[in-house]
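Engineer: Single-letter residue listing:
There are 2 protein chains.
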Amino acid sequence: MSTSAQRTQFEKLADALDSGEFQQIRFVLNHSLRPAEVARLIEKSPPKERQILWNLINTDLEGEVLQDLGDDVQAEILSRMDATEVLAITESLDTDDMADVIQQLPNTVMKELLRIMDKQNRKRVEQVLSYPEDTAGGLMNTDTVTIRPDISVETALRYIRRHKEIPEMTDSLIVVSRKDSYIGILPLTKLLVSDPNITVREIMVTEIEPISATMPDNEVAVLFEQHDLVSAPVIDDDGRLLGRITIDDVVDVIREDADHSLMSMAGLDEDEDTFAPVMKTTRRRALWLGINLITAFVASAVIGLFEETIDKVVALAVLMPIVASMGGIAGSQTLTLVIRGQALGHVEKSNASWLLSREMIVGAMNGLLWALVVAAVAIVWFQDTTIGIIIALSIVINLIAGAMAGTLLPLGLKAVGIDPALAGSVLLTTITDVVGFFTFLGLATMFYS
Amino acid sequence: MSTSAQRTQFEKLADALDSGEFQQIRFVLNHSLRPAEVARLIEKSPPKERQILWNLINTDLEGEVLQDLGDDVQAEILSRMDATEVLAITESLDTDDMADVIQQLPNTVMKELLRIMDKQNRKRVEQVLSYPEDTAGGLMNTDTVTIRPDISVETALRYIRRHKEIPEMTDSLIVVSRKDSYIGILPLTKLLVSDPNITVREIMVTEIEPISATMPDNEVAVLFEQHDLVSAPVIDDDGRLLGRITIDDVVDVIREDADHSLMSMAGLDEDEDTFAPVMKTTRRRALWLGINLITAFVASAVIGLFEETIDKVVALAVLMPIVASMGGIAGSQTLTLVIRGQALGHVEKSNASWLLSREMIVGAMNGLLWALVVAAVAIVWFQDTTIGIIIALSIVINLIAGAMAGTLLPLGLKAVGIDPALAGSVLLTTITDVVGFFTFLGLATMFYS
Numbered sequence: 001m002s003t004s005a006q007r008t009q010f011e012k013l014a015d016a017l018d019s020g021e022f023q024q025i026r027f028v029l030n031h032s033l034r035p036a037e038v039a040r041l042i043e044k045s046p047p048k049e050r051q052i053l054w055n056l057i058n059t060d061l062e063g064e065v066l067q068d069l070g071d072d073v074q075a076e077i078l079s080r081m082d083a084t085e086v087l088a089i090t091e092s093l094d095t096d097d098m099a100d101v102i103q104q105l106p107n108t109v110m111k112e113l114l115r116i117m118d119k120q121n122r123k124r125v126e127q128v129l130s131y132p133e134d135t136a137g138g139l140m141n142t143d144t145v146t147i148r149p150d151i152s153v154e155t156a157l158r159y160i161r162r163h164k165e166i167p168e169m170t171d172s173l174i175v176v177s178r179k180d181s182y183i184g185i186l187p188l189t190k191l192l193v194s195d196p197n198i199t200v201r202e203i204m205v206t207e208i209e210p211i212s213a214t215m216p217d218n219e220v221a222v223l224f225e226q227h228d229l230v231s232a233p234v235i236d237d238d239g240r241l242l243g244r245i246t247i248d249d250v251v252d253v254i255r256e257d258a259d260h261s262l263m264s265m266a267g268l269d270e271d272e273d274t275f276a277p278v279m280k281t282t283r284r285r286a287l288w289l290g291i292n293l294i295t296a297f298v299a300s301a302v303i304g305l306f307e308e309t310i311d312k313v314v315a316l317a318v319l320m321p322i323v324a325s326m327g328g329i330a331g332s333q334t335l336t337l338v339i340r341g342q343a344l345g346h347v348e349k350s351n352a353s354w355l356l357s358r359e360m361i362v363g364a365m366n367g368l369l370w371a372l373v374v375a376a377v378a379i380v381w382f383q384d385t386t387i388g389i390i391i392a393l394s395i396v397i398n399l400i401a402g403a404m405a406g407t408l409l410p411l412g413l414k415a416v417g418i419d420p421a422l423a424g425s426v427l428l429t430t431i432t433d434v435v436g437f438f439t440f441l442g443l444a445t446m447f448y449s
Numbered sequence: 001m002s003t004s005a006q007r008t009q010f011e012k013l014a015d016a017l018d019s020g021e022f023q024q025i026r027f028v029l030n031h032s033l034r035p036a037e038v039a040r041l042i043e044k045s046p047p048k049e050r051q052i053l054w055n056l057i058n059t060d061l062e063g064e065v066l067q068d069l070g071d072d073v074q075a076e077i078l079s080r081m082d083a084t085e086v087l088a089i090t091e092s093l094d095t096d097d098m099a100d101v102i103q104q105l106p107n108t109v110m111k112e113l114l115r116i117m118d119k120q121n122r123k124r125v126e127q128v129l130s131y132p133e134d135t136a137g138g139l140m141n142t143d144t145v146t147i148r149p150d151i152s153v154e155t156a157l158r159y160i161r162r163h164k165e166i167p168e169m170t171d172s173l174i175v176v177s178r179k180d181s182y183i184g185i186l187p188l189t190k191l192l193v194s195d196p197n198i199t200v201r202e203i204m205v206t207e208i209e210p211i212s213a214t215m216p217d218n219e220v221a222v223l224f225e226q227h228d229l230v231s232a233p234v235i236d237d238d239g240r241l242l243g244r245i246t247i248d249d250v251v252d253v254i255r256e257d258a259d260h261s262l263m264s265m266a267g268l269d270e271d272e273d274t275f276a277p278v279m280k281t282t283r284r285r286a287l288w289l290g291i292n293l294i295t296a297f298v299a300s301a302v303i304g305l306f307e308e309t310i311d312k313v314v315a316l317a318v319l320m321p322i323v324a325s326m327g328g329i330a331g332s333q334t335l336t337l338v339i340r341g342q343a344l345g346h347v348e349k350s351n352a353s354w355l356l357s358r359e360m361i362v363g364a365m366n367g368l369l370w371a372l373v374v375a376a377v378a379i380v381w382f383q384d385t386t387i388g389i390i391i392a393l394s395i396v397i398n399l400i401a402g403a404m405a406g407t408l409l410p411l412g413l414k415a416v417g418i419d420p421a422l423a424g425s426v427l428l429t430t431i432t433d434v435v436g437f438f439t440f441l442g443l444a445t446m447f448y449s
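Protein chains in written order, with UniProt numbering: chain F, 1 to 449; chain E, 1 to 449.
Everything labelled a hint here was simulated from the structure, so no lab data went into it. Among the clues, some could well be false.
What the hints assert, rightly or not - Subject to a maximum C-alpha distance of 20 Å in a straight line, what follows is the list of computed DMTMM-like cross-link-like pairs (lysine to aspartate or glutamate):
| hint | chain 1 | residue 1 | chain 2 | residue 2 |
| --- | --- | --- | --- | --- |
| 1 | F | Lys349 | E | Glu49 |
| 2 | E | Lys190 | E | Glu209 |
| 3 | E | Lys179 | E | Asp150 |
| 4 | F | Lys48 | F | Asp18 |
| 5 | F | Lys123 | F | Asp238 |
| 6 | E | Lys349 | F | Glu43 |
| 7 | F | Lys119 | F | Asp150 |
| 8 | F | Lys48 | F | Asp15 |
| 9 | E | Lys280 | E | Asp150 |
| 10 | F | Lys48 | E | Glu348 |
| 11 | E | Lys164 | F | Glu202 |
| 12 | F | Lys190 | E | Glu165 |
| 13 | F | Lys123 | F | Glu133 |
| 14 | F | Lys119 | F | Glu85 |
| 15 | F | Lys312 | E | Glu154 |
| 16 | F | Lys179 | F | Asp143 |
| 17 | F | Lys164 | E | Glu154 |
| 18 | E | Lys111 | E | Glu91 |
| 19 | F | Lys190 | E | Glu168 |
| 20 | E | Lys119 | E | Glu91 |
| 21 | F | Lys280 | F | Asp71 |
| 22 | E | Lys190 | F | Glu168 |
| 23 | F | Lys280 | F | Glu43 |
| 24 | F | Lys312 | E | Asp311 |
| 25 | F | Lys164 | E | Asp195 |
| 26 | F | Lys414 | F | Asp257 |
| 27 | F | Lys190 | E | Asp143 |
| 28 | E | Lys190 | F | Asp15 |
| 29 | F | Lys349 | E | Asp18 |
| 30 | E | Lys312 | F | Glu307 |
| 31 | F | Lys123 | F | Asp180 |
| 32 | F | Lys190 | E | Glu154 |
| 33 | F | Lys349 | E | Glu43 |
| 34 | F | Lys349 | E | Asp15 |
Nothing here was measured: the structure is a model prediction, and the numbers come from that model.
Whole structure, please, built from the sequences with the hints as guidance.
Structural biologist: As structure tokens, this is what we get:
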């Protein structure tokens, strides 16, 4: 189904919702759309419509739809259910998806849910839950198809044919020892073209190292991208096979990782629900505004130091935002580049000094270029050469300061374990504001006194 | 290979480069690392080291490494080659990867390359090149394994076994008619568990619609994500099979799409090379600073209107950046949320008005909250109640303006075909600066005259 077809689908649904044609909506939700598409419709509906849509979904689809929703929306829907209801709709999910849903539950409901679950399922879920959500263990599924290395290709084929179906995204069988230790993988494409009489051991692939359950999920994503994997085995510290990770879950990690920098730089959470209700949104945003207010007050305090000078030359008040703003823009460009470079794993200690010099040279050159332009405008505007010299000097200085801060802040923040995307932009603006106002007004105080 | 192992690998390489131990580096590049890992090393090296590394790679690996590099770095390396050299190293690549590389070449070299290519290859490459890079046609490979619907499962298995190997990422065979029209797909997992005597037609999957070659690549990504696909067939307007798209290429689209918003909002290109040389970087950044300078001058001009008032009450100059800054921050949060929502396909006409009201209410509420705080501080600081009232009013107004601009700008820009991530932040700052300064200084002029 193309997205444009889906778009009209959504418009139709919106109309149907408005006119209360629930029969028709129920049919579309449960029969025409896939669970992932229903999840998308729910995510892009305001809160009231969301509730209506959710209630129109058949119980047997609820689990699939639920696991396709963003964390925030999931938590909202789950907050209205008790353990028995949650169990009923999640029982049929993959282990990792079930674990993801369970982690959105309040602690008491989660415990209750695990208590009433059947024993085998609980063991599986608890194993996945025992690893943090953002590690390989938290991403894995337990639906592996395993074989022994010493059987023949023909026997392997016969063994597979005894299955009614093979789990989705199975591109290889996992070869394990009698004690379930990981040995290698046998891609289906290889199995299908091999001589039936040779053994699995002779054709299995052992170059690809299995993934340790404690590996962070962004490193898992790098492995999948670099090796073009569809699925990969996960092992514990003793080399025993625990499960496998499939590319569909890795794609979610990649999307979230990439969203993270964008959203964090604006003080938003990457799971942020676009249609969250007013109160929740207000609370979350208030904090960010408060932090930025401190920055703004620091800048004001710097200006306050030079009240007398401004009183003497009012033109300074007119021009000072230009200095701060140019430094802020140049600094943000560097900051964004470095944060992206860190996320891609490009920027590290060994190449940081090259990057810092490049940025400072670029800052100085662009500073000079635009300083001349601004100086010319200022001189013509206020018929005052001094103010042109002052603003030119302070723009060059502030652009170099912005380049330095934009490079060093993310490196330093990462080194002390603070998320550069979250704290970087606030700190950067503080620095370029303070340096900008202080240099410009300070120089003016010297020149005009 | 874990990324931490790779990191030490990189540190070692950097040391080896410094001490000129090229033998050792040559060995690591050509024997210990995969092409994707070599590409990553090159990407995170400054220009000079890059050239050295590239020269140490064996010719037979150069093609694989090249296609794993970012567009910018690719173009840089290709600029030093002629058509014969490019052909030699790219001949063995997948059709879509070869087409990607060719598109980085200057026009004359590209034509020369196509001229000296063998006929069959040229036909394939030209077919991929005939579709824009950012469509399904530009993403596809021509390495499909096809079968007819009327043969039995047993015959299909025998047919496959005649292949020496099956292309990587083959999770299904594609069922086509005698005239190569697309009919359906047969997942390998299904083939392996089916009764050998029934026909392909009985077990093939026809629910998944094939992808049209002209579909934009971000819609392809949505399809892959929603349907958890590993590969999907691509057809032309007549329903004839052209090739297939595989998840590894879709992952690149997802990563680039997500990077696009982040980088564009800072006026950077998503293909931007972290270690681009000074001159290239300076030129690209200069433009962005110039555009932002216009914004800054507009803000200055607004302040200039009120020079007399500022001359009377210097405290205004000290406090005015707070009003502009708070509006800018609040507006950026809304803008980022809406741009992300657009990229995910959540925000569209039918839910835009709900979003606009929510944002305006949130803006007003947070405006009120922080207006009170700022007013209190201002009154204590300057011992002046009037200034408190003025700043409180203008903060509320500017936060609402920021919320409106943050919602409406990306919607409007998208409607007229301008990239909201690129133009949005500049326009937003212009609006919040102008509204902020004008309201604050305008109100002050009324109150103090």
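Engineer: For each hint given before, does the structure comply? Return the numbers of the non-compliant ones in rising order.
Structural biologist: Numbers 7, 9, 15 and 28, in rising order.
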